[in-house]
Amino acid sequence: GAGVSQSPSNKVTEKGKDVELRCDPISGHTALYWYRQSLGQGLEFLIYFQGNSAPDKSGLPSDRFSAERTGGSVSTLTIQRTQQEDSAVYLCASSLVGARNRLFNEQFFGPGTRLTVL
Amino acid sequence: QKEVEQDPGPLSVPEGAIVSLNCTYSNSAFQYFMWYRQYSRKGPELLMYTYSSGNKEDGRFTAQVDKSSKYISLFIRDSQPSDSATYLCAMKIGANSKLTFGKGITLSVRP
Numbered sequence: 599g600a601g602v603s604q605s606p607s608n609k610v611t612e613k614g615k616d617v618e619l620r621c622d623p624i625s626g627h628t629a630l631y632w633y634r635q636s637l638g639q640g641l642e643f644l645i646y647f648q649g650n651s652a653p654d655k656s657g658l659p660s661d662r663f664s665a666e667r668t669g670g671s672v673s674t675l676t677i678q679r680t681q682q683e684d685s686a687v688y689l690c691a692s693s694l695v696g697a698r699n700r701l702f703n704e705q706f707f708g709p710g711t712r713l714t715v716l
Numbered sequence: 033q034k035e036v037e038q039d040p041g042p043l044s045v046p047e048g049a050i051v052s053l054n055c056t057y058s059n060s061a062f063q064y065f066m067w068y069r070q071y072s073r074k075g076p077e078l079l080m081y082t083y084s085s086g087n088k089e090d091g092r093f094t095a096q097v098d099k100s101s102k103y104i105s106l107f108i109r110d111s112q113p114s115d116s117a118t119y120l121c122a123m124k125i126g127a128n129s130k131l132t133f134g135k136g137i138t139l140s141v142r143p
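One line per chain: the protein sequences are X and V, in this order. For the first sequence, the numbering used here begins at 599 and goes up steadily by one. For the second sequence, the numbering used here begins at 33 and goes up steadily by one.
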């Protein structure tokens, strides 16, 4: 079946502009995660959506970053007033959520959006 | 200090070598331990996972977790050029928790 898809695959923007990154999770996956991968910091968690629960925003680096998930499916990550340090690969992942807490739920990653802020 | 530390490498080995990749961590609440493989310009893909301590073997790959030492390892036997990729260790507290990653190590297997 289809995996996690992200668009655009590449985005070049000027400092100060806003950008929107899109993630289409695997159908039926109720959990959705955003991560950021940069050379200096590695792969870091940004935000987590699970069903109708309030999202876990604990990884967002500043209030310029926000994300929403509409209808429990597609998610959009928005970065306002982009800065050069925002340049990174933004990865989305989705997973099933099991009823038993010990059940391992694999996170499937998309190919990422490579953001370059000039 | 980051929660998960991984030797950044890079690492270059000849084909057929045994490769050992390691991570240490500081958060004793981690229960799930994973190794992801990432090829250039692709998203990470899960290679192996272990719940709590112990060993797990899958073909040429063996994952080890020592919770008492807060140390995890991935061994690759009979390494192949197709194993050339970036390997990331990752951990999480609960089944649905966020992943905390090491920085990753780039492995090159020379023919």
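Source of the hints: derived by calculation from the structure; they are not laboratory data. A portion of the hints provided could be inaccurate.
Said to hold, decoys possible - Below are the DSS-like pairs computed for lysine-lysine, each with C-alpha atoms no more than 30 Å apart in a straight line:
#: 1; chain 1: X; residue 1: Lys613; chain 2: V; residue 2: Lys88
#: 2; chain 1: V; residue 1: Lys102; chain 2: V; residue 2: Lys88
#: 3; chain 1: V; residue 1: Lys88; chain 2: X; residue 2: Lys609
#: 4; chain 1: V; residue 1: Lys74; chain 2: V; residue 2: Lys34
#: 5; chain 1: V; residue 1: Lys99; chain 2: V; residue 2: Lys88
#: 6; chain 1: V; residue 1: Lys34; chain 2: X; residue 2: Lys655
#: 7; chain 1: V; residue 1: Lys88; chain 2: V; residue 2: Lys74
#: 8; chain 1: X; residue 1: Lys655; chain 2: X; residue 2: Lys615
#: 9; chain 1: V; residue 1: Lys88; chain 2: V; residue 2: Lys34
#: 10; chain 1: V; residue 1: Lys88; chain 2: X; residue 2: Lys615
#: 11; chain 1: V; residue 1: Lys99; chain 2: V; residue 2: Lys34
#: 12; chain 1: V; residue 1: Lys102; chain 2: V; residue 2: Lys34
#: 13; chain 1: X; residue 1: Lys613; chain 2: X; residue 2: Lys655
#: 14; chain 1: X; residue 1: Lys609; chain 2: X; residue 2: Lys655
#: 15; chain 1: V; residue 1: Lys74; chain 2: X; residue 2: Lys655
#: 16; chain 1: X; residue 1: Lys655; chain 2: V; residue 2: Lys99
#: 17; chain 1: X; residue 1: Lys655; chain 2: V; residue 2: Lys88
Just so you know, these numbers come straight off a predicted model, no measurement behind them.
These are the hints, each one checked on the structure:
no., hint, in the structure
1, X:Lys613 to V:Lys88, "47 Å, violated"
2, V:Lys102 to V:Lys88, "17 Å, holds"
3, V:Lys88 to X:Lys609, "40 Å, violated"
4, V:Lys74 to V:Lys34, "25 Å, holds"
5, V:Lys99 to V:Lys88, "14 Å, holds"
6, V:Lys34 to X:Lys655, "19 Å, holds"
7, V:Lys88 to V:Lys74, "26 Å, holds"
8, X:Lys655 to X:Lys615, "22 Å, holds"
9, V:Lys88 to V:Lys34, "26 Å, holds"
10, V:Lys88 to X:Lys615, "47 Å, violated"
11, V:Lys99 to V:Lys34, "17 Å, holds"
12, V:Lys102 to V:Lys34, "13 Å, holds"
13, X:Lys613 to X:Lys655, "24 Å, holds"
14, X:Lys609 to X:Lys655, "23 Å, holds"
15, V:Lys74 to X:Lys655, "25 Å, holds"
16, X:Lys655 to V:Lys99, "28 Å, holds"
17, X:Lys655 to V:Lys88, "33 Å, violated"
Hint violations for this structure: numbers 1, 3, 10, 17, all remaining hints satisfied.
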